[in-house]
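The two chains are supplied separately, each in an independent frame; assemble them into the complex guided by the hints.
Chain by chain, the residues run as shown.
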Amino acid sequence: MSKLHISTTINGEPTEFLCEPNDTMLDVLRGPLGLTGSKEGCASGDCGACSITLDGRLVCSCLMLAAEAEGHRVQTIEGLSHGETLKPLQQKFLEHAALQCGICTPGMLVAANALLERNTNPSETEVRYWLAGNLCRCTGYDKIVRAVLDTAAEMREAAR
Amino acid sequence: MTGIQYLAARTLDEAVGALVTAGAAGRIMAGGTDLLVQMRSGAVRPGLIIDIKKIAEMTGVEETADGGFRIGAAASGAALAEHPRFGKVWPGVLEAVNLIGSTQVQGRASPGGNLCNGSPAGDSVPAMIAAGAVVTLQGPNGRRQLPVEKVPAGPGRTHLAPGEVLVSFTLPPRPQGSGDAYLRMIPRTEMDIAVVGCGVNLTLKDGVCTAARVGLGAAAPTVLLVEPAAKALIGSRLDAKALDAAAAACSAACRPIDDKRGTIAYRTKIAGVLLKRAAGIAATRAAEV
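Protein sequences, first through last, are from chains S and P. Read in this note's numbering, the first sequence has 1062 at position 29, and its numbers run on one by one without any break. Read in this note's numbering, the second sequence has 180 at position 151, and its numbers run on one by one without any break.
Heads up, a few of these hints could be off.
Claimed, not checked - Below are the SDA-like pairs computed for lysine to any residue, each with C-alpha atoms no more than 20 Å apart in a straight line:
hint	chain 1	residue 1	chain 2	residue 2
1	P	K298	P	V318
2	P	K305	P	I215
3	S	K1036	P	G76
4	S	K1036	P	K234
5	P	K270	P	G309
6	S	K1036	P	Q34
7	S	K1120	S	R1189
8	S	K1036	P	L77
9	P	K234	P	V318
10	P	K83	S	K1120
11	P	K83	S	D1088
12	P	K83	S	S1040
13	P	K83	S	H1105
14	P	K83	S	G1089
15	P	K234	P	P201
16	S	K1036	P	A37
17	P	K83	S	H1038
18	P	K83	S	T1042
19	S	K1036	P	V318
20	P	K270	S	R1106
21	S	K1036	P	P201
22	P	K83	S	G1104
23	P	K234	P	K260
24	P	K83	S	R1189
25	P	K260	P	K289
26	P	K83	S	E1103
27	P	K179	P	P257
28	S	K1120	S	G1089
No lab work stands behind these hints: they were computed from the structure.
Chain P on its own, in the form it takes in the complex (with noise of 0.2 Å):
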């Protein structure tokens, strides 16, 4: 093949200077798990592939000093595995995050290349959505910031400019008696695709809801924050009837596609199941905390 170029880019800068003279033809590649398959399969054919994982600020985890945690968009979901801390503080985010792909795919795909590939079905997406994280991205113009829901635009897109790059989640720190979880529906155990997702975070104090925010995957052309789900559970207990109104709300948040692995109706009904075991994880992780 002819006319691909390779670019490990050594800063930030440099990465975002060749997106921006490369234009559609730029491909910016974290763990390339999506972006070789999609070459190889033929759906993209970059001119110039930017390899992001040598700027050491794309691949750390780290606790800030307020509490809350910092990816780089190229971290892969094993480091996020083995950080000492963040799958204590965020076993929700994790788990979604080491759902995705085999052993293997976890080596190197990574929560940023997952919310950038703009699949209405990557599985962390969810759980960052429910978590509040915000994403960092910088372009020509400089860096801004986005709250992770307002990043897909709709299957294999998203809302980041040209040029732009996605440097970072920021997870904010978590007040006491919160937890969170992330369940997918898929029919076998591993190695599959979200028919449909849901993350569920919380906060409970004296067992009444506080905080909750939820969010929804493969039930729509992109991952959905759900407001009417997290203020139906707001100010309850999570008795059934809260519960109830908050499956409900998901139910009826969904615009999804009938395909081999699910139907319109089934995977309308499952986003309300999966999100009334959700929260119960995460009330359950909440109470230990």
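Looking at chain S on its own, in the form it has when it is part of the complex (with noise of 0.2 Å):
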């Protein structure tokens, strides 16, 4: 079986993969592309270590097969960054110690984008159900949340 030649865009870039028909948009991310971030933890869209976004909507890369990213964009964890410098909420998850062992850190950050990019008031309620399908096990959840309307609400600050 011949492999299948993708054209897509990843963290604005335009990159091209050559993939097997069944391989995951998370197999080839960490695998022939290298880039790690994203995470398997349960490979069926339970737990969120794996969120990026595709056309700027949050999915699962493992509910994705590489094969569907032609033409279209994908945004990984890597491409939050500018650099070394942090985006005020992956600054924000360090000064709120809403992360211990990592893992589910990138899923966490490229779902918590993705709301804030839609709205930049949500309440507690709506950040916990935004969030509902990202697991943590280290810091019961409290912590991530704050961090993340602590961002919010700076980043209203900083529109007036």
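The structure is reproduced here in structure tokens:
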């Protein structure tokens, strides 16, 4: 079986790769593309550790075939910061100690960033429901939710 | 893994043609949130995956000239939620669709896939049945329409003929004073599979229920249209007696399984409880429009 040749855009860069028809986007990100920030937790869409955006929409990269990326825009955790400069959301995660082991963190950041791009004034309930598909075994979630709410407050302040 | 092929069909004719050629080895992929999990677990081993999301007709959500809605089979829950009008007209259908999985899953999962997956616990299906939605199917012999309640055949099975593809849902225009609601019972608030789900759609005129439809999920091998429950509501003012009769009709329709999520006795009782609560929410919404 010959491999599929896929042309896509990843973190703003035109990217081409070869994949098997049943490779997931996560397989290709972590394998040939070397973008290992996205994690494989469950591989069944339950844990959110592999979260990316596809044309700006939050999805699990384990529930998407790599071939589906053809002609679309993919954003991963690697595209969040500008080089060594962290995004305010990432900085807030550090300040609030919103991570411990770190395996859920890339997915949490990608998911929370997708929320803040849509809504800079989410309620705590909205944050908790939005992040319900991102599992964390360390923090008990509270610090993550506080970091997201604090980032949102700062974004609103900056926009005034 | 070898032997699997992927096709991003550009037209419906191409998708149907490929499905006919592939026979039992072909699988249609909409959002893929069930299919990829089933492939991973080894439950299905398709020879050909036919992606239908590049077909414009499959992903659109549009209000029709008569005030109804047409939802492409692969339109995602997120796309439905973002539609400026859909959730205002069909809040019960939207809340049912949006209960499927996480934000990430909502970015991909579609009501079309939810229906074709054939789960008795699919959340969008009871609400679609209550709404009176009709699906358009296209197969090698052309198009046909089927009410949503006629699609499920059993757990994991549908009445789609070989080579048939689900194209879209059509929701009818709503009379003045209509409201719908969907409730599901789960032991927590998010990210779970329905123990029981109940969709109610009704129309009120001067406080009297003039039309009603009830869909019941996770209570039998297929999602059910419960006509006796609707009959008990129609003509009433949704008083306690009518609601009790409708709840009893829902419980009587149950043929559930006993499993870790709920016992037969529990599911049977809860079906009636959810009917009453969902009817109450639908009536409140009907009074608001």
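Hint by hint, here is what the structure shows:
A hinted pair counts as satisfied when its Cα atoms are at most 20 Å apart, and P/K298 with P/V318 does not qualify at roughly 31 Å. A hinted pair counts as satisfied when its Cα atoms are at most 20 Å apart, and P/K305 with P/I215 qualifies at roughly 17 Å. For the hint linking S/K1036 to P/G76, the alpha-carbon distance of about 15 Å falls within 20 Å, and the restraint holds. As the CA atoms of S/K1036 and P/K234 are separated by approximately 61 Å, the hinted pair breaks the 20 Å bound.
Among the hinted pairs, P/K270 with P/G309 is consistent with the structure: their alpha-carbon atoms are about 14 Å apart, no more than 20 Å. At roughly 10 Å between alpha-carbon atoms, S/K1036 and P/Q34 fall within 20 Å of each other, so this suggested pair holds. Between the alpha carbons of S/K1120 and S/R1189 the distance comes to roughly 15 Å, so the proposed pair stays at or under 20 Å and holds. Restraint check: the Cα-Cα separation between S/K1036 and P/L77 comes to about 14 Å, which is no more than 20 Å; the hinted pair holds.
With a C-alpha separation of about 12 Å, the suggested pairing of P/K234 with P/V318 holds against the 20 Å cut-off. Between P/K83 and S/K1120, the direct Cα distance comes to roughly 34 Å. Violation of the 20 Å bound is thereby established for this hinted pair. Under the criterion of a C-alpha separation no larger than 20 Å, the hint pairing P/K83 with S/D1088 is consistent with the structure, at around 14 Å. Proximity of P/K83 to S/S1040 is assessed by CA-CA distance (about 15 Å); at most 20 Å being required, the pair is judged to hold.
Of the supplied pair hints, the one linking P/K83 and S/H1105 holds, its CA atoms being roughly 11 Å apart against a limit of 20 Å. A C-alpha spacing of about 17 Å is found between P/K83 and S/G1089, which places the hinted pair at or below 20 Å, so the restraint holds. Restraint check for P/K234 and P/P201: satisfied, since their Cα atoms lie roughly 18 Å apart, inside the 20 Å limit. About 15 Å separates the Cα atoms of S/K1036 and P/A37, which keeps this hinted pair within 20 Å; it holds.
A threshold of 20 Å between alpha carbons decides the hint, and for P/K83 with S/H1038 the separation of about 17 Å falls inside it, so the pair holds. Between the alpha carbons of P/K83 and S/T1042 the distance comes to roughly 17 Å, so the proposed pair stays at or under 20 Å and holds. Among the hinted pairs, S/K1036 with P/V318 is inconsistent with the structure: their alpha-carbon atoms are about 55 Å apart, more than 20 Å. In summary, the hint linking P/K270 to S/R1106 is not supported, as the alpha carbons are separated by about 56 Å, beyond the 20 Å threshold.
Annotation: proposed proximity of S/K1036 to P/P201 is violated, straight-line Cα distance about 45 Å (limit 20 Å). Using a Cα cut-off of 20 Å, the hinted pair P/K83 and S/G1104 holds, with the two alpha carbons roughly 10 Å apart. Using a Cα cut-off of 20 Å, the hinted pair P/K234 and P/K260 holds, with the two alpha carbons roughly 16 Å apart. For the proposed pair P/K83 and S/R1189, the alpha carbon gap of about 37 Å is over 20 Å, so the pair is violated.
Only pairs whose Cα atoms come within 20 Å are accepted, and P/K260 paired with P/K289 is rejected, the gap being roughly 33 Å. Only pairs whose Cα atoms come within 20 Å are accepted, and P/K83 paired with S/E1103 is accepted, the gap being roughly 10 Å. Proximity of P/K179 to P/P257 is assessed by CA-CA distance (about 17 Å); at most 20 Å being required, the pair is judged to hold. Pair hint S/K1120 plus S/G1089 holds up; C-alpha atoms about 17 Å apart against a cutoff of 20 Å.
In terms of the numbered hints stated before, the structure departs from hints 1, 4, 10, 19, 20, 21, 24, 25, listed from lowest to highest.
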